Structures are given as structure tokens and as C-alpha cells.
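Work the whole structure out from these sequences, hints included.
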Amino acid sequence: MALIALTGASGRIATALRPRLRAAGHRLVLCDAPGVAVPDVDPATERAVESDLRDVDAQAEAFAGADLVVHLGAFSDERPWPEILAVNIDGTRAVCEAARLAGVGRLLLASSVHAAGYVPVDAPLVRDGMPLPAPDTYYGVSKAALEALGGLYAGRFAMTVVSARIMTFDDRPGGPRSLQSWLSGDDMARLVLATLTTRATGHHVVWGVSRNTRRVVDLAPGLAIGFDPQDDAEAHASDAERRGPSRPPGLLGGGFADAAYVLGEPHGGTRTGS
Numbered sequence: 001m002a003l004i005a006l007t008g009a010s011g012r013i014a015t016a017l018r019p020r021l022r023a024a025g026h027r028l029v030l031c032d033a034p035g036v037a038v039p040d041v042d043p044a045t046e047r048a049v050e051s052d053l054r055d056v057d058a059q060a061e062a063f064a065g066a067d068l069v070v071h072l073g074a075f076s077d078e079r080p081w082p083e084i085l086a087v088n089i090d091g092t093r094a095v096c097e098a099a100r101l102a103g104v105g106r107l108l109l110a111s112s113v114h115a116a117g118y119v120p121v122d123a124p125l126v127r128d129g130m131p132l133p134a135p136d137t138y139y140g141v142s143k144a145a146l147e148a149l150g151g152l153y154a155g156r157f158a159m160t161v162v163s164a165r166i167m168t169f170d171d172r173p174g175g176p177r178s179l180q181s182w183l184s185g186d187d188m189a190r191l192v193l194a195t196l197t198t199r200a201t202g203h204h205v206v207w208g209v210s211r212n213t214r215r216v217v218d219l220a221p222g223l224a225i226g227f228d229p230q231d232d233a234e235a236h237a238s239d240a241e242r243r244g245p246s247r248p249p250g251l252l253g254g255g256f257a258d259a260a261y262v263l264g265e266p267h268g269g270t271r272t273g274s
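Residue numbers for the sequence shown follow full-length UniProt numbering, so the first one is 1 and each next one is one higher.
FYI, nobody ran anything at the bench for these hints, they're computed from the structure.
Note that the coordinates shown come from a computational prediction; the quantities given were computed from them, not determined experimentally.
There could be a bad hint or two in this list.
Stated by the list, open to error - Pairwise CB distance ranges (calculated):
(1) Arg243 with Glu265: 22 to 32 angstroms
(2) Arg20 with Ala123: 47 to 57 angstroms
(3) Pro80 with Asp128: 28 to 38 angstroms
(4) Arg199 with Gly65: 20 to 30 angstroms
(5) Ala224 with Asp67: 14 to 24 angstroms
(6) Gly65 with Ala259: 43 to 53 angstroms
(7) Arg12 with Leu263: 43 to 53 angstroms
(8) Val41 with Arg242: 11 to 21 angstroms
All residues carry an ideal CB built from backbone N, CA and C; glycine is no exception.
Structure representation (C-alpha cells):
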């Protein structure tokens, strides 16, 4: 039984992970901002902690004794630069530093496909390997910075750090495009458990994606740390395709990389010509 700390514990991904990790026998520390309630805390297996994402000392105290920190706390969409800088970048630095001070040797950092949003979907390193960052928004920049911080802490402090470029996380594929990019709740849990148990050391950038038939990205980086996804969006293809036609994106970032997507505006602001 391991102790796993989650930041952003009230969010969608953490909410999906919690019952799965408890079922695997693990105890959880649930960290979120002051005033943000984490619902349905199980006192037998979970402990909720209020801590500002940028408060290194408070988070180090919360992380004490943990075997793994899963960093999910962030704005999950485009925001003005000062907000992205404060929460997504400064917050990630604080989480990494708090984990180091607490003696936690393993980190799973939630990156995003938008760290590489301007990479063409047919680029060679998409199908076979892992492309360098090419962010499509301020949000994407924050995830590229997250990956850089993961590399720094792995190299300087001999931590095992996995930066997962999460594609489309949901209960089921929401539309035709997500038949390529879906990440299921069960596979997200498999990614957490792979990070907890991997014998790999150093920093690893992997795709947060299920084993989808229509997947365009390479599973090999994840397999190298023991992440072997099992679910396939194709099981939901008929439902997803009924939601309307969708042309395959030319870039990994899809609409985020569109010229009409306004930097600094949540959801890209008002798009023209779409």
C-alpha cells in the first residue's frame, strides 16, 4: 500500500482517479486550494489538505511520507498570461520543490498535448517517438515549462519524473476527433500506477492516451516506464460519430492552434470563421 498525494484534488481527473487508486489499496492525500472543497472524502483512506499551489512549505508538509506526487492542479484552459504564470508555471515549480523537500522521489506531472500543439499530426516523431515542445497557446507554454521543470528536478535531484502529455481525458469519447485522442479513467489510473512502480529513472515524457485504434501518437515512450494502456475508443465509435462530422486536425493542437484562437482568452474567446 502506497501513499499518493494529488494536487488539484477536486478536479475531473483526480475525481476519476480517487476510487480507482483506493480500490488498488492505496491511501491518498488530497490537496487543493483554500476554500475549495474536495467532495466525499473517505476518512479511512483519504486526507484532504488545503494548500495554495504556490505555498512550498504547506505542500511539503502535505506531501510528507508520500511515495508519489501526482500534480494535476492548474488552469486547464487558456487564461491571461499573469494567471498562467502564477498558477501553471509558478505552481508547478512550487510542487516540484515541495516534493523534493518532503523527500518524495517520484512525480507524475500533468502536461498536455498542447505543449506540442503546433506539431503536424503526420510528423515522424508523432508516430514514432516524442516531438519536442511546440506550444500552441499560453496554456501550452505552461505545459512545456512543466516538462522543463520535470527535467530539471529529475536531473539535479535524482528524482523519477514522468510528464504525461494528456490528450483528451473523459469518461468516454466526446466526438469523432477524440476517437484518436481519448484517455480513459482506467488508463489514467494505469499511468499513475506505472509511475509509482517503474524501475526507470530520470525524466520521461509520455503520451496520456488510451490504446485507441485511430491513435496517431506513439505508445513506446509510455511502455518504457511500464504504462500499457488497455482501453480503445473504438468501443464508443458509433456514439461518437453520431455527434457530427469532424475533419481530422492537421496539427496536434487542433482548434487551439487555429489562427482565430485568441491568446489569453478562455476557450480562445470568440472565434471568427468557424
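Here is how each hint holds up against the structure:
no.	hint	verdict
1	Arg243 with Glu265: 22 to 32 angstroms	holds, 25 angstroms
2	Arg20 with Ala123: 47 to 57 angstroms	violated, 33 angstroms
3	Pro80 with Asp128: 28 to 38 angstroms	holds, 37 angstroms
4	Arg199 with Gly65: 20 to 30 angstroms	holds, 22 angstroms
5	Ala224 with Asp67: 14 to 24 angstroms	holds, 21 angstroms
6	Gly65 with Ala259: 43 to 53 angstroms	holds, 49 angstroms
7	Arg12 with Leu263: 43 to 53 angstroms	violated, 24 angstroms
8	Val41 with Arg242: 11 to 21 angstroms	violated, 38 angstroms
Of the numbered hints listed earlier, those contradicted by the structure are 2, 7, 8.
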